[in-house]
Structure formats: C-alpha cells, structure tokens
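**Student:** Using the hints provided, position chain B relative to the given structure of chain A.
Chains A and B, in that order, give the protein sequences.
For the first sequence, this note's numbering begins at 1 and goes up steadily by one.
For the second sequence, this note's numbering begins at 231 and goes up steadily by one.
Please note that a few of the clues may not be correct.
Claimed, not checked - Subject to a maximum C-alpha distance of 25 Å in a straight line, what follows is the list of computed DSS-like cross-link-like pairs (lysine-lysine):
hint	chain 1	residue 1	chain 2	residue 2
1	B	Lys235	A	Lys79
2	B	Lys401	B	Lys365
3	B	Lys233	A	Lys79
What the hints assert, rightly or not - Computed, partial: chain B to chain A, Cβ under 10 Å:
hint	residue
4	Lys233
5	Gly400
6	Asn624
Hints are computed from structural coordinates only; laboratory data are not their basis.
Ideal Cβ placement from N, Cα and C applies to all residues, glycine included.
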Amino acid sequence: MSSDFFSMREIVKQYRMGEEVQTILKGIDLDIEEGEFLSVLGPSGSGKSTLMNIIGCLDTPTSGTYTLHGRVIRDLDQKQLARIRSREIGFIFQQFQLLPRLDAMKNVELPLIYAGVPPRERARRAEEMLVRVGLKDKMHHSRNQLSGGQQQRVAIARALATNPTLLLADEPTGALDQTTGAQVMELFEELHEEGRTIIMITHDLKIARHGSRIVNILDGELSEGVIADD
Amino acid sequence: MIKQKWTMLLENVSMSVANITSNKMRTFLTTLGIIIGVAAIIALMTVVQGATDTMNAQFDAMGLGTLRIQVNGTALKRGLNDDELQALLDCEHVAGISPSLNTTVSAKRGGAWSDSISVNGNGAEYFRHNPDLLKLGRAINVIDIERRSQVCLIDGGTAKTLFFGENPLGKTLYLNGREYVVVGTIDEEEDASLFAQILFGGQSDGTVYVPYTSAMKLMGTSTVSTLEVYLTDPDETDAAIEEMEILLDGIFNYKDDTYTIINMESMTDAMNLMTSMMMSLLVGIASIALVVGGIGIMNMMLVTVTERTTEIGLRKALGAEPGQIQIQFLMEAIILSLLGGVIGVFVGLTVSFLICINTDIMFSLNTFAIALGVTFSAAVGIIFGWAPARKASNLNPIDALRSV
Numbered sequence: 001m002s003s004d005f006f007s008m009r010e011i012v013k014q015y016r017m018g019e020e021v022q023t024i025l026k027g028i029d030l031d032i033e034e035g036e037f038l039s040v041l042g043p044s045g046s047g048k049s050t051l052m053n054i055i056g057c058l059d060t061p062t063s064g065t066y067t068l069h070g071r072v073i074r075d076l077d078q079k080q081l082a083r084i085r086s087r088e089i090g091f092i093f094q095q096f097q098l099l100p101r102l103d104a105m106k107n108v109e110l111p112l113i114y115a116g117v118p119p120r121e122r123a124r125r126a127e128e129m130l131v132r133v134g135l136k137d138k139m140h141h142s143r144n145q146l147s148g149g150q151q152q153r154v155a156i157a158r159a160l161a162t163n164p165t166l167l168l169a170d171e172p173t174g175a176l177d178q179t180t181g182a183q184v185m186e187l188f189e190e191l192h193e194e195g196r197t198i199i200m201i202t203h204d205l206k207i208a209r210h211g212s213r214i215v216n217i218l219d220g221e222l223s224e225g226v227i228a229d230d
Numbered sequence: 231m232i233k234q235k236w237t238m239l240l241e242n243v244s245m246s247v248a249n250i251t252s253n254k255m256r257t258f259l260t261t262l263g264i265i266i267g268v269a270a271i272i273a274l275m276t277v278v279q280g281a282t283d284t285m286n287a288q289f290d291a292m293g294l295g296t297l298r299i300q301v302n303g304t305a306l307k308r309g310l311n312d313d314e315l316q317a318l319l320d321c322e323h324v325a326g327i328s329p330s331l332n333t334t335v336s337a338k339r340g341g342a343w344s345d346s347i348s349v350n351g352n353g354a355e356y357f358r359h360n361p362d363l364l365k366l367g368r369a370i371n372v373i374d375i376e377r378r379s380q381v382c383l384i385d386g387g388t389a390k391t392l393f394f395g396e397n398p399l400g401k402t403l404y405l406n407g408r409e410y411v412v413v414g415t416i417d418e419e420e421d422a423s424l425f426a427q428i429l430f431g432g433q434s435d436g437t438v439y440v441p442y443t444s445a446m447k448l449m450g451t452s453t454v455s456t457l458e459v460y461l462t463d464p465d466e467t468d469a470a471i472e473e474m475e476i477l478l479d480g481i482f483n484y485k486d487d488t489y490t491i492i493n494m495e496s497m498t499d500a501m502n503l504m505t506s507m508m509m510s511l512l513v514g515i516a517s518i519a520l521v522v523g524g525i526g527i528m529n530m531m532l533v534t535v536t537e538r539t540t541e542i543g544l545r546k547a548l549g550a551e552p553g554q555i556q557i558q559f560l561m562e563a564i565i566l567s568l569l570g571g572v573i574g575v576f577v578g579l580t581v582s583f584l585i586c587i588n589t590d591i592m593f594s595l596n597t598f599a600i601a602l603g604v605t606f607s608a609a610v611g612i613i614f615g616w617a618p619a620r621k622a623s624n625l626n627p628i629d630a631l632r633s634v
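So that you can see chain A by itself, here it is in the shape it has in the complex (with noise of 0.2 Å):
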C-alpha cells in the first residue's frame, strides 16, 4: 500500500566520516494518511532527527523513494528543496527559533516573505495565525517581552502561516514546564481536529500519547508502536 500525500520507501541515509560510512536509516517504511497525528517516539541517536530532516525536505535521503503531496523528493537542487519547504512543511523547533529583532507579528511574516505574498495579505494571514494560537494581545511584543509557552505558540503560528500540507514538530514541549508543555499539546490536538497533518518527533512516551499514531524509531529502523489508548 502506498499512499500520494505522505509516503516513504526503503528510505537509507548514510554519512561518511572519513573513511567509515556510518548508516543512520536503515530502510524506512513509513504511511501517513492525510488529517493523521503521528507521534515519532525515539532515544536520542536513534535517527530521529535525521528521519525529521528528510521528511522536512532539509536533506535529501542516500536511496529510497519520499513522496510528499505527489511530488518526489530526490535528486533536487537546493532551490527547488527551499520551494517545497516553504509550501508543504511547516517547522517548530523544540528552542522555537524566533528571530531575535522581529516583534511577534514580523516572526510569522517571515516564512510569508519567502513564498513572495505581498505585504498587506502578509500582514493579515499573520495577524489571523496569531489570534488563533491566542496571542491577539501580544502581537507586536518582541521575543524577550513573550514566556516559553508564548514563543512556541507564535512558532506554531509562523508554521501555520504558510498552509502547509504538513506541520513537522521536533520536540515542541522539551524547552517548556509541564503546564505549558501541556497547553501547547491541548493547541496540537485541536489543529488535529481541524484536520492538519501533524508529525511530532519526541522521545517522551507521555507527549507522543498526545497522538492518534504512534511509531518507534530505534538504531534508524521504524516500527509501528501502540496505538494511543484512551
């Protein structure tokens, strides 16, 4: 079975560290259906942030099939890998990654800029993403002025700005307290249930129960975990 919106076949990834070819994907399997909620639950140096980096299309696999949103991604440039970045994946880092100088609103502009919307329409998706992650208030404070919850919430924002096919999260909650962490994972659910596809990448089994799916990934070879119970 293989599906046009998300699918991953036999997916290698190999680094060479001088003479010593180390292989840190072993030939992943992976389906995603569109509206899905998948939780990637690994240790540290078990791959997972290199699957996250090829499914955001920041590197490109050493063999296997990716094929997102029907489009396959091998062999591209890395102008054309920018243009699928900025259309189909939206990216929240576990530090959030705001930009230091911007206010709130210029942050979530940023990815707008780079798929050329004019200013004004710039302006308004903007404004739109921010009330609903629930900083209507907090628009135009600047990264120091927000908590850690409020930075990962305009995060989440920038990476909705877009529309994108897919949002990819790498630890959203690990720089968060256990009651942010917690409203944060409330936001994920409910733009679950508005039908985004989300992939989340952590290596706490409590975070990943957030899911509707949930996948091991262990030494770069993927399995199919627990079905989120409850």
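**Tutor:** Just chain B, lined up with the frame of chain A:
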C-alpha cells in the same frame, strides 16, 4: 514575478537596515575604514583640483600670448641693456615688453615702517596687459619709465602697514631711503605675483609696484635679467620664440644656459600634467585605505554569518532559497559600505572645504570625486561582501539549526 522580486529586495533592504542599526557601535567601527578611505579620496581630489584651478587661474592672469625671458647671462654680461631691450621690442611678433625686477626693501613712512616690502619693477606695458590690477589711482605709464619717476602703486598689505586707516593716494613713503609718491593701489585678487609669492615663499608685509627704471636705481643695477614679452598673436608663439632665440643667441655669443624663454602655455600644460599625475598617485594611496576598509567589512560580515548561523538555518527551513540568503547578506555588506561611503563623502568635503578656505585654494564641488567615492564604496561592498554572503547561502540548514 518582477514585482515579487522587487518586494523581496525591499524586504532584504529593511532586514539589513534592522541588523545594521541593531549594533551601532560595531557598525560604526566597521564602516570607519570605508569612511576614512572615501573621505581621503574626496578630500585629496577636491584639494588637488582646487590647487590646480588656482594655479591655472594664476597662469591665465599672466596671460596667454605672454612669454617670460629669464636671463642668466655670462660673467661679463649679466643682463640686457636698453639697446638690447629695444631690439627685442623690434621683433616682428612682439607687441610689447615689460622688464620685471624683484627685490625686497625696507619701507618707512612717518613712524610706521617695515623691512620686508617686496618691490616689483615693471614696465608700462605690464599694466596695459593686466588692466584689472589697478584698483584706485593711475597706473605706471611710459613717462614714468623714461623719467625714472619715483612713483609707486601699493597693495593692501603695504597700505595696512604704512597707511593704516588713511587714503594712501598722493602720500609719500620711503623705500630704502628714497622718496616715492603713491599714485595708485593694487587689487590683490588680480595680483599675478601672488603665485610667484606662493612658489618662492616670499613672506612679505606687502608689495609695491614701481617703474622698472626706478627699481633698477633702487637695486643699483643697469641691466634687466627678467622680462615679460607680449606677443601680437598667441598663435605665433613658436615663431616669436624662434625669432627671439636668434636675437638672444647673438647677444650672448651662442653660449649655453645664458637665458630661458618660458612659455606660459606650455608651463600650464606641464603643471596640469604634473597635478594630474600627483592626483592619481594620491588617489591610489587613498584607495589602499578603501581596500583595508573593505577587508574590515568582510571580516565583520564573516563574523555576522557565524553569529547568525541559526538564523540562516531557520530562514532556510522557512523556505528561503540560497540565493535569497545570499542577497540578504550581500545587501547588508553593500548598505554598510555605502553608508560609510556617504559619510565619507561628507567628511571629505568638510575637510577639503576647511583646507581650502584656510589656504586660499579655490573650493569647488567635485562631482566626479563624489560619484567615484560612492561607486567605489558600493563596489567594495559587493566585492568584499560576496564571499561571506556565499558562505551564508551555502550553510546546511541542519548544521545551522543544530549549532544551538
């Protein structure tokens, strides 16, 4: 598509400006090299240009169609006597001659005195060819020359020293003890001898113009060794020189180095060649400062790229193409160096203006120098910003994001 590129460019400019203004001290120090380089180029070009213009104006004041004969003479014959002067005057292309004698005397008038007053002895022709020289009163005429009249024209410096607060016309003064009557005053701005003063470093309290015959008496000489020759037609300069060479060779028995005929026109050309060579040399040296400044910009940009690795990675993750990152950083380098260039232009103009007003050099806005300064600085930005921008655009987004 073009509109989109344009918005992208504006976006890049505003991002660059934000980055540049966020660290003002560093920006200032980085651009300092460019500021100094451009300011040096502008100042040098403006001052040298001004000096050239001033010299040219002085040469023009001496007049086209004017030759100057400098006689070195021999041990037995030091200068030209009246008959020989007459023979020169009789040459076909010669309209008139004016011997020119210079000396320094002490001048006295009542209680006021000075022992460094320059005396210029000239012929009547001199004033005919420099009509603007006369400010008040009358010029020295042929009768004064023939009679060796003890009359003089004085400049502002002399008037200030000897006739402070008085109208000097008709008054008398003593030059080396001889009594002279002031018949006129000189307009300094038209004073061609000013240039001679600059060249020969004559630091005197003032200048007095007397008939050359009278000056000969003052100096105790009976011959003339310097004279100006006015030609009937400036186009006949070469023919006139040839004619006079034959005559002077005869007078000095074909001995070498007994006289020199100076052609003002060729002197102007030589001077212009010299100043333009000097200008290129100085601008060349100043350009080194600009290159050093450019390296400063490059260094700062490389530091910036390293510092902002995460930012670059993030921008890439959000969909920035390598080319867009490159343009952003290149733009930052260009804006930095242009900023330095513009400040440099102002500093350079201010410095050269101050130099000019303090040294009587003409100040004129050298648009070429300004254009050169600005273009140079932009070019420096492109050349030295290229490598760092390229480095930024080639950063792998994964490595970039991981470096947190």
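**Student:** State the violated hints by number, sorted upward, taking the hints as numbered earlier in the document.
**Tutor:** As far as the earlier hints go, only 5 is violated by this structure.
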